[in-house]
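Modelling step: build the complete structure from the supplied sequences, incorporating the hints.
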Amino acid sequence: MSRVIDIDRSRVRNFFHFQRDPLGFLVETADKGDVVSLRTGTFQSTYVVNSPEFIRALLVTHESGLVKGRSSNVLRRTVGDGLLTSEHNQHKQQRKYMQPAFYKERINSYARTVVEEAGKLADGLQNGSVIDVHEEMMQLTLSIITKTMFHASVDEDKQRLSDAVDTTIVQTAGTLFSPLILPLGFPTRGNRNHKHAISELETMIYNTLNRAKQQEIPDDSLLGMLLETKDEDGNPIPDEEIRDQMMTMLLAGHETTASLLTWVFFLLSKHPEAREKVLAEVKQCHKPYSFETFMQLRYTKQVIEETLRLYPPAWIILRESRQSINILGETFPDKSSFLISPYAIHRNPAVFQDPHSFQPERFSPGRSYEPYTYFPFGGGPRGCIGSRFAMMEAVLILAVLIEKAEFRHKEKEIIPEPLVSLRVKGGLKVSVELNG
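Note that our numbering has the sequence shown beginning at 1, numbered continuously upward.
Simulated from the structure, these hints should not be mistaken for lab results.
Among the hints, a few may not be true.
[Said to hold, decoys possible] Keeping only pairs whose Cα atoms sit at most 25 Å apart, straight-line, the calculated DSS-like set for lysine-lysine is:
| # | residue 1 | residue 2 |
| --- | --- | --- |
| 1 | 92 | 104 |
| 2 | 270 | 429 |
| 3 | 283 | 404 |
| 4 | 429 | 120 |
All figures in this text were calculated on a predicted structure; none of them were measured in a lab.
What follows is the structure, given as structure tokens:
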């Protein structure tokens, strides 16, 4: 019996449902079968993959026979051929020379910068003021990623660069799920804004790169490592490739964490008992906070993990086959597209009881889940290279800010916005109440 089930709606209805409500569509499709065909025809068959067994097969076992396809093509317009968009051998080579930047000892040293930058934000909070958490997190994580990865400060340009990142994210997401991909040079307002945003980011990147070459920055940053790296023939990495990796870090390395933290503060504002437990745990730690603090904050980490379950920034993973492929006894034609949604799969009631509720205790010590029932950082050779850095950063930022103030969100409902990462639509306005 086939484990591939045809969806019981027409191709046109599926398309408009997905365009109108991607998250709702994927959650609704999650309980229809292991693999659900969207009946898009044989030219480019499209499937929603729900089974952890099939997901592992796609991301691990058959990884070499698949590409990111359309998602890489769209992202490449902004980030070039960086780690996020490169395929197979090129990706392996890039991951090999970038991996040392994310070793434990490096992450240990980055913790100091995370605490310092979060402390600056905390010190500037004013009692009774109203802030947009998403905007504040975007600027904070931008400062952190540039200082840890590039050994550079963008304090004076944070707002402008954060706005540029935001523009590229919005324009990229709009293109990614559009039925028609117009060339970036096509004269639309969106394309003009996108090109201007890319130019703003590139100016910062090349200025930083040129200063790094002149000053010989330490090789404990990603940029320092890239400047020291040689290819098989002993040649340095071209500036364009370094630009692509820096652009990748700017987009993938800070916007996702900003979105995650926005969701964290939203959930804690709705669950004061969890907030109090985090605050009590944080108060038991010695200052100054460090990587060792991160290791001690077990419940705080559970809060981050549960937030990643409910609102994973990487809400969808896309793969395409380059030829006809047999996976677990099922044959899929050439150019098949596979949609994998951690957002939907994390809501499986067979795995997570009362799956829509916020319960950090799900991740208490000793509790574990089968592979690919919970995978907020993807998996396989293309899993997130910075997952450990992201966890450390989120936990320590939360620790610094929650000790300083409470963020009160008064609106009843918010709407998730699935762009390149999963955001709070319209940001998260909160009132600041400093702790006594």
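So if I understand the rule, the pair passes when the alpha-carbon distance is 25 Å or less; does residue 270 with residue 429 pass?
holds, 14 Å
Check the hint pairing residue 92 with residue 104 against an upper bound of 25 Å on the C-alpha distance.
With a Cα-Cα distance of about 20 Å, the restraint between residue 92 and residue 104 holds, given a limit of 25 Å.
Residue 283 paired with residue 404 [C-alpha distance capped at 25 Å]:
holds, 11 Å
Given the hinted pair residue 429 and residue 120, is their alpha-carbon gap at most 25 Å?
Measuring from Cα to Cα gives roughly 20 Å; hence the hint holds.
In this structure, none of the earlier numbered hints is contradicted; all agree with it.
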